[in-house]
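Peer 1: Protein chains in written order, with the working numbering: chain A, 1 to 234; chain B, 1 to 279; chain C, 1 to 295; chain D, 1 to 393; chain E, 1 to 358.
FYI, nobody ran anything at the bench for these hints, they're computed from the structure.
Careful: at least some of the hints might be erroneous.
Stated by the list, open to error - Residues from chain C that keep clear of chain D, each with C-beta distances beyond 12 Å, as calculated: (1) 89; (2) 125; (3) 138; (4) 144; (5) 161; (6) 191; (7) 210; (8) 212; (9) 214; (10) 220; (11) 255; (12) 259.
To be verified - Coverage of chain A stretches by chain B, computed from C-beta distances (three or more under 8 Å per stretch; other residues unrestricted): (13) 34–41; (14) 71–79; (15) 130–139; (16) 145–156.
What the hints assert, rightly or not - DSSO-like cross-link-like pairs, simulated, lysine-lysine; straight-line CA separation at most 30 Å: (17) C/176 with A/107; (18) E/6 with B/196; (19) D/359 with E/132; (20) B/118 with E/158; (21) E/329 with B/135; (22) B/170 with E/4; (23) B/194 with A/115; (24) B/170 with E/6; (25) D/181 with E/329; (26) D/241 with C/131; (27) A/53 with C/176; (28) B/105 with B/269; (29) D/160 with E/132; (30) B/181 with E/158; (31) E/158 with B/170; (32) E/132 with B/168; (33) C/83 with A/53; (34) C/131 with D/258; (35) A/154 with C/131.
From a predicted model like this one, the values you see are computed outputs, not experimental measurements.
Even for Gly, the Cβ is constructed at its ideal location relative to N, Cα and C.
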Amino acid sequence: MLKIENLNVFYGGIHALRGISLEVPDKKIISLIGANGAGKSTTLKSIMGLVPKSEGTISFNEKDITASQTKDIVGDGIVLCPEGRRVFPDLTIAENLTLGAYLRKDKEEIKKDRKWVYELFPRLLEREWQLAGTLSGGEQQMLAVGRSIMSKPKLLMLDEPSLGLAPLVVKDIFSIIRQINDAGVNILLIEQNAKAALEIADYAYVMETGNITLSGTGKELLASDSVKKAYLGE
Amino acid sequence: MSKQNLLRVSDATMQFGGVVALNNLNLEVNKGEIIGLIGPNGAGKTTAFNVITGVYSPTNGEISFDEEIIASNYPHGKMKALYSGQNAGKYTKSLVPTPDKITRKGIARTFQNIRLFKDLTVFENVLIAKHLNIKSNVFTATFMLNRKEEQQMREETMELLKILDLEKHKDDIASSLPYGKQRHLEIARALATKPKLLLLDEPAAGMNPQESDDLMNFVSQIRTDFDLSILTIEHHMQFVMGICDRIYVLDYGTLIAEGIPSEIQNNPKVIEAYLGVDE
Amino acid sequence: MTATAFFSYCLAGMSIGSIYALIAIGYTMVYGILRLINFAHGDIFMMAAYFMIFAMVDHSIPWYLSMVIMIVSTVLLGVVIEKLAYKPLRTAPRMSIMISAIGVSYLLQNMATYLFSALPKQYPSIPILNKTIDIGNVSTSLVTFVTPIITIVFVVLLMLLIKYTKMGMAMRAVSKDFEAAQLMGIKINSVISFTFIIGCFLAALGSMLYFTPRPSVFPLAGSLPGLKCFIAAVFGGIGSIPGAVVGGFIIGFSETLIKAAGYSEFSDVFTFVLLIVVLMFRPTGLFGENLAEKV
Amino acid sequence: GCGDKAKEDGKAQTPTGMKVTGDVIKIGVFEPTTGENGGGGMQEVLGARYANQLMPTVDINGTTYKIQLEEVDNQSDKSAAVTAAQSLISKGVAAVIGSYGSGVSIAAGSTFASAGVPAVGCSCTNPQVTLGNDFYFRACFLDPFQGTVMASYAKDAGYKTAAVISQNGDDYSTGLAGYFKKSFEELGGTIVADETYQTNESDFNAILTKIKSSNPDCIFIPSSINTATLILPQIAANGIKAQVLAGDTWENAAIISKDAVGVAFSTFFDENDSSNPVAAKFVTGFKGYLNSDPKNITFNANTDTVAAVSALGYDSYTAIYEALKSLDGKEGDITSIAIRDALKGVSFDGVTGHISFDKNGDAIKDTAYIKTVDQDSLTSKEFKFIKTQTVKK
Amino acid sequence: MTKKSKTICTIIALIVLAGIIFSVDEFTTQSSMLRTVLQLGAIYALAAVSMNLLNGFTGLFSLGQAGFMAIGAYTFAVLTIPVGSKPIVYYLYGVSDVLANVELPSWAGLILAGVMAAFLAAIIGAPVLRLKSDYFAIATLGFSEIVRILVASSPFNKITNGSLGLKLIPAYSSYYTPFIIVFICIVIIGLLIKSSYGRAFKAIREDEIAAEAMGINLAKHKQMSFIISSFFAGIAGALLAMYLGAITSTTFPIMLTYNILLIVVIGGIGSISGSIISAFLVTAAKEWWLRFLDQTMVIAGIHVPFLRTGFRMVVFSIILMVVVLFWRKGIMGQKEITWDGIYRFFTRKSRKGGAVNE
Ligand SMILES: Nc1ncnc2c1ncn2[C@@H]1O[C@H](COP(=O)(O)OP(=O)(O)OP(=O)(O)O)[C@@H](O)[C@H]1O
Ligand SMILES: Nc1ncnc2c1ncn2[C@@H]1O[C@H](COP(=O)(O)OP(=O)(O)OP(=O)(O)O)[C@@H](O)[C@H]1O
Ligand SMILES: [Mg+2]
Ligand SMILES: [Mg+2]
């Protein structure tokens with residue numbers, strides 16, 4: 001499905017990604033974990049064409065998208081739920097969700113998906129007409145996730161979706177991710193909550209300072225000593 | 001430690017149009033305590049911080065700090081029926097402070113979405129927070145007649161950076177720091193205002209369990225080092241339960257529980273609204 | 001004041017007010033999407049007049065065709081300006097784009113002076129607009145009535161477009177966050193071009209309605225109307241289309257009335273004072289949304 | 001009370017002036033060729049260029065000097081004017097012609113004065129240009145005169161009430177309006193409306209509605225050409241029948257249109273005035289010059305009509321030329337100071353009448369030409385001469 | 001670099017600068033364009049730096065610069081025009097009795113020009129500073145226009161001479177005057193920015209909410225910055241009046257504000273040294289270097305194409321846009337010229353050079 005090879009990214013002088021390669025096979029949930037500043041978000045952003053890549057290739061369904069523009073990548077079916085929520089503050093919740101489905105034409109399906117999002121996050125339905133900018137941090141996070149679901153992607157990339165969410169909702173989030181995956185969407189997930197991320201993942205990568213240092217199935221990594229020590233706080 | 005009251009929020013209500021973000025909140029912080037404020041998303045926790053720090057003025061209620069009323073608003077007439085609480089309807093001339101005045105009184109805060117002075121260096125970020133205690137006026141400061149004071153501000157800033165382990169980042173631009181360090185810097189900046197009460201809004205957000213543990217130690221460290229009281233919002237239960245003396249739980253703007261961590265953890269209302277049951 | 005005089009004042013206020021409104025929309029739309037005060041807008045308006053002269057006077061093309069040529073070239077000019085002067089600055093500090101806009105404004109004015117000389121040129125007379133009509137003992141040309149109608153029609157259309165279409169929503173999204181908008185699959189460049197197309201289209205139309213009763217064009221002819229319209233946009237709350245319209249009419253009328261009262265010397269002072277006073281009470285203009293930043 | 005000029009000059013040191021070396025004498029042409037007054041300024045430049053073509057050299061004390069024009073654009077902008085003037089000075093001009101528009105001349109006045117370079121204004125009619133400035137001369141009459149002329153004209157035509165429209169912040173417009181009002185009232189008329197507008201204003205409907213309701217016999221509008229072309233159609237559209245009067249700036253073919261029919265304005269010169277042989281010769285010659293290059297015609301508002309300002313441009317050049325000639329046989333270097341001193345004594349028959357300067361440096365003139373636009377003008381693109389107007393001092 | 005060597009460098013640099021100005025005075029004629037450009041550039045530098053204090057350092061986007069300069073210029077002119085010249089200047093309307101016998105020395109006029117501008121800034125600051133970004137910009141722009149129109153309006157005829165403007169304004173007592181005054185003013189602004197108050201201004205620029213949470217009184221500090229900036233704008237206006245010798249209200253159009261903003265942005269928003277450099281560059285380019293473009297030129301019998309009046313401004317606007325497009329952050333960005341910076345610049349260069357040798 002998605003394949004990254006030898007990806008290098010620089011921010012000015014900072015070498016943020018140092019030749020990483022990873023793969024998201026069909027119908028799977030892949031997790032990406034690592035400390036702050038390891039380059040996880042940068043990886044997702046470079047897939048979306050939001051940061052200039054100096055070297056490497058990215059292909060999606062056999063198509064080279066390394067040099068594609070963001071809007072085309074979205075058109076191909078990759079969607080990012082970005083770090084820091086990035087909801088449109090002057091638009092209402094309802095409008096934010098509509099924009100999530102910007103490229104879709106199937107009116108009926110969109111309606112269904114909207115209903116689904118409201119079921120997943122009832123809070124959003126309560127506040128349907130509130131401007132997103134005035135929502136609480138967690139509510140915005142829910143909206144951001146809901147909005148990316150609305151795009152009906154083939155590959156959904158979530159950057160720390162549980163950030164700022166209450167424990168109850170965090171649990172929900174992981175079951176929601178499962179549900180989305182069951183609906184046939186591939187997931188690439190970044191999470192600080194490494195335990196939950198590894199539990200849900202079919203396969204996972206560990207990043208450190210711009211390199212992928214470890215990879216394996218979720219279970220393997222959960223059992224790995226180094227992972228335990230560094231990310232699970234045990 | 002004798003229990004000496006530091007912050008008291010009485011009957012605070014905050015309404016945004018139809019949304020009642022905070023409903024008749026009563027809350028107290030005593031000297032030296034670390035208090036947790038938890039609750040589901042959109043429960044009104046950040047709003048409570050905003051009301052305490054003067055970002056919003058409450059639609060009803062009163063806030064006192066160190067035995068002094070710092071903000072109050074009791075509408076009367078038609079409005080009074082809308083609010084409940086001891087003093088509801090008692091019309092007082094409302095006292096609307098600006099955030100800077102509150103900070104001067106000794107309450108400092110961090111933000112849920114980090115708000116550093118992004119383009120300035122770490123050192124400058126902290127040094128700016130020293131400005132509120134400046135004694136010289138703009139003329140003496142401009143013509144460098146306050147060298148001693150300036151020198152002292154710089155020294156204190158350096159000391160603070162040392163304590164918070166930010167010394168080696170001193171000349172880095174704030175926005176280039178890794179996320180965790182940015183949180184540290186926000187706390188350092190708040191501490192530089194020499195507060196008696198520190199408000200932390202989700203300090204551990206975006207940290208992994210390991211980092212959040214480190215932060216926990218750090219927070220209890222600064223409590224003793226700086227003789228602080230702390231009120232913190234957090235969704236990481238390990239953090240909250242591990243560090244707080246008492247916890248308040250909000251849901252839909254209303255206080256639904258209050259108590260020591262173990263009580264809260266087992267409070268069915270809290271479990272239902274917020275914690276959920278562990279599988 | 002006699003009833004006749006009062007009626008004439010109303011006509012004068014309405015005709016200038018509705019043109020201000022029409023052009024103010026251009027400012028407000030571009031501002032709404034790029035957060036850019038497009039200082040060059042008034043000059044695009046001026047260039048539109050030269051295009052019309054070029055087509056109708058210099059090449060004797062019939063007025064309806066000239067109109068089409070004029071509108072198309074104005075829109076093209078607007079889009080080219082956007083591509084050359086604003087697009088490369090998407091990620092630059094806001095003030096740089098503003099300077100770029102000021103630069104474009106200078107350039108258009110200086111170009112016009114260089115190419116067409118500083119002497120005024122006569123704007124061609126468009127037969128149907130110039131027809132005079134008498135109401136009681138006040139005579140006025142048809143354009144006085146056509147202008148407000150056109151303005152209202154376009155405002156309603158635009159508001160519907162922005163409120164209810166996906167394009168409109170995309171425009172509002174782009175205005176806040178380019179990157180997030182891209183992540184929705186929105187083609188931000190097309191959306192921005194589209195905004196410029198509408199803005200310039202209205203400027204072209206406004207130019208025709210404006211210069212028909214004031215048939216003299218010179219390189220600085222766009223600068224003062226530009227400023228007034230821009231103020232109108234701020235008055236109504238910059239970014240808000242109904243705001244721009246209301247602002248345009250208020251400025252048009254207040255200017256006219258203050259002149260009617262015999263204080264023409266202070267009419268602009270009055271306008272600016274009014275603006276500042278309104279902003280005191282409504283810091284984001286009459287219709288501007290008060291976007292409280294959530295802390 | 002303007003006696004001792006040197007003291008009032010405001011400059012401490014006496015200027016040294018510019019010394020001519022080599023066999024080229026540079027004369028600066030300080031005119032707006034862009035900006036609000038770019039049109040009129042260009043016409044003055046044309047006059048000066050033509051004069052230079054006719055009188056390219058001068059013989060002084062046995063040397064033939066080539067006279068070279070140095071043109072600079074002051075952009076009709078008062079702050080740009082000063083640096084523009086300075087750039088002329090830096091090129092070593094020995095005298096300056098210009099400018100159209102009093103404001104820029106006033107602004108640059110002290111620059112010329114402190115450099116010790118004399119300037120001969122062509123059509124800058126505001127008294128302030130020469131007042132208190134020992135180096136500024138001018139070839140035209142002054143606004144107090146012009147204002148009085150127009151007021152007298154209005155009075156003679158039997159008008160009792162007048163409205164005035166002037167430009168806020170513009171010294172030419174406001175000054176002339178002021179003199180008109182003063183004389184008109186002194187002559188027993190009444191000013192029924194006194195309106196102002198901002199620079200670059202183009203909508204005059206409100207002002208005109210106001211004026212219409214005050215129902216004046218005539219409207220005096222001293223303004224730029226740009227404003228004239230805007231306000232005339234609006235006057236017509238508002239159905240105002242009052243006589244429109246204006247100042248010298250309106251003498252430009254650009255204003256001729258059916259809406260302009262009937263306006264009257266004062267000017268310095270009439271190309272059909274056969275009483276002055278110098279003028280007749282100039283008119284034929286200048287028309288030929290205009291027609292020799294299509295660009296000249298463009299700059300002259302697309303006609304070959306001779307504008308008064310062109311004539312003044314010519315006369316200003318001639319004044320300097322005469323001053324230079326009078327240096328022949330005198331001892332000492334050719335310096336700008338010497339030219340200034342020579343200018344004081346210049347006396348010749350110019351295109352716009354006899355020219356000699358009074359102690360202020362103003363040309364002594366007592367006649368203005370009143371012109372109008374009639375139906376014929378629409379096709380001929382020429383103004384119709386009505387009469388000359390003088391005032392008793 | 002050590003502190004001591006920096007001080008020495010600074011002193012040397014100042015001496016060199018003074019030397020350049022001195023030698024321009026010595027070795028060029030009175031009429032040299034270089035003098036004009038230097039003097040005008042210095043005035044614009046002060047105007048730009050004072051605008052930068054507000055726009056670049058405090059983050060308040062003001063477009064009122066021309067208005068405050070007008071206030072300064074008029075205050076200066078009204079108070080210092082010699083009593084003997086007043087009848088000439090106020091020849092049409094007469095002079096108000098209060099002013100008829102007022103003739104202050106230039107230095108007093110300069111200070112009062114600043115004070116007057118600061119005073120008006122204080123009055124309008126309180127309401128206007130509550131506005132956010134562009135609304136603040138428009139309100140200040142409106143204020144500037146109000147000043148410009150009122151100054152030329154009839155009720156003030158006996159003070160400002162209405163539309164006719166003022167002339168015979170005392171010129172600089174010496175060639176060095178503007179440089180000395182501008183130097184002092186800019187140094188003061190520089191010191192202010194380096195002080196604790198300057199840091200507070202920067203904090204407001206970066207994030208108002210956070211600044212307020214750090215105990216910085218927004219209203220007070222914005223007001224302070226606004227007043228101080230206006231004070232120096234007033235002085236710049238007075239200097240301009242001295243330079244021009246004659247002013248009218250139209251000397252201070254919105255365009256003047258735009259031009260100064262342009263200098264600020266080209267120099268780098270938030271950089272004092274940038275503003276200074278760009279003030280001189282822009283002035284020199286516009287008023288001096290490009291002037292030849294306005295003149296038809298014949299080389300070897302062929303007319304050089306395009307050259308005719310008006311072309312200079314076309315080229316100037318194109319250059320301006322090219323600079324903004326390709327040098328987005330301006331010449332200096334937010335940085336200042338520092339000895340460390342220069343030192344690094346050269347050592348980096350030489351190190352590269354060294355690598356070739358190895
Ligand atoms: N816009 C930028 N400019 C400069 N450096 C950047 C930029 N964005 C990220 N970096 C740097 O690149 C590195 C990788 O950042 P990235 O955001 O990808 O980390 P991350 O793994 O997502 O961390 P986090 O857990 O904090 O989100 C970090 O060192 C960061 O400081
Ligand atoms: N300015 C505002 N206008 C309208 N509604 C607001 C505003 N600020 C907050 N709210 C609403 O008030 C409620 C409380 O918000 P608050 O930010 O206090 O929540 P919170 O408890 O901090 O939640 P989280 O844990 O998600 O950060 C939310 O539902 C939010 O939508
Ligand atoms: Mg990240
Ligand atoms: Mg919150």
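Peer 1: Under the criterion that the straight-line Cα-Cα distance not exceed 30 Å, is the pair residue 105 of chain B, residue 269 of chain B satisfied?
Peer 2: 36 Å, violated
Peer 1: If you draw a straight line from the CA of residue 194 of chain B to the CA of residue 115 of chain A, is it 30 Å or shorter?
Peer 2: Not satisfied, since the Cα-Cα distance of roughly 50 Å exceeds 30 Å.
Peer 1: Checking a non-interface call: every C-beta of chain D should be farther than 12 Å from the C-beta of residue 161 of chain C. Is that right?
Peer 2: 30 Å, holds
Peer 1: Going straight from one Cα to the other, do residue 170 of chain B and residue 6 of chain E come out at no more than 30 Å?
Peer 2: 22 Å, holds
Peer 1: Measure nothing beyond the straight line between the CA atoms of residue 53 of chain A and residue 176 of chain C; if it is 30 Å or shorter, mark the hint as holding.
Peer 2: 25 Å, holds
Peer 1: For residue 144 of chain C, is the shortest CB-to-CB distance to chain D above 12 Å, so the non-interface label stands?
Peer 2: 9 Å, violated
Peer 1: With a cut-off of 30 Å on the C-alpha distance, tell me whether residue 154 of chain A and residue 131 of chain C pass.
Peer 2: 62 Å, violated
Peer 1: Between the region 34–41 of chain A and chain B, see if three or more residues pass the 8 Å beta-carbon test, and mark the coverage as holds or violated.
Peer 2: This one holds; 3 residues, not fewer than the three required, reach chain B with a Cβ under 8 Å.
Peer 1: Next pair to validate is residue 6 of chain E with residue 196 of chain B; report whether the Cα-Cα distance is within 30 Å.
Peer 2: Distance ~42 Å between residue 6 of chain E and residue 196 of chain B Cα, so the pair is violated.
Peer 1: Should the label of residue 259 of chain C as a non-interface residue stand, given a Cβ cut-off of 12 Å to chain D?
Peer 2: The assertion about residue 259 of chain C is violated, with a minimum of 4 Å to chain D.
Peer 1: Between residue 170 of chain B and residue 4 of chain E, does the CA-CA distance stay at or below 30 Å?
Peer 2: 23 Å, holds
Peer 1: So is the region 71–79 of chain A in contact with chain B by the C-beta rule, three or more residues under 8 Å, or is the coverage claim wrong?
Peer 2: This one is violated; 0 residues, fewer than the three required, reach chain B with a Cβ under 8 Å.
Violated hints for the displayed structure, listed by number in ascending order: 2, 3, 4, 7, 8, 9, 10, 11, 12, 14, 16, 18, 19, 20, 21, 23, 25, 28, 29, 30, 31, 32, 35.
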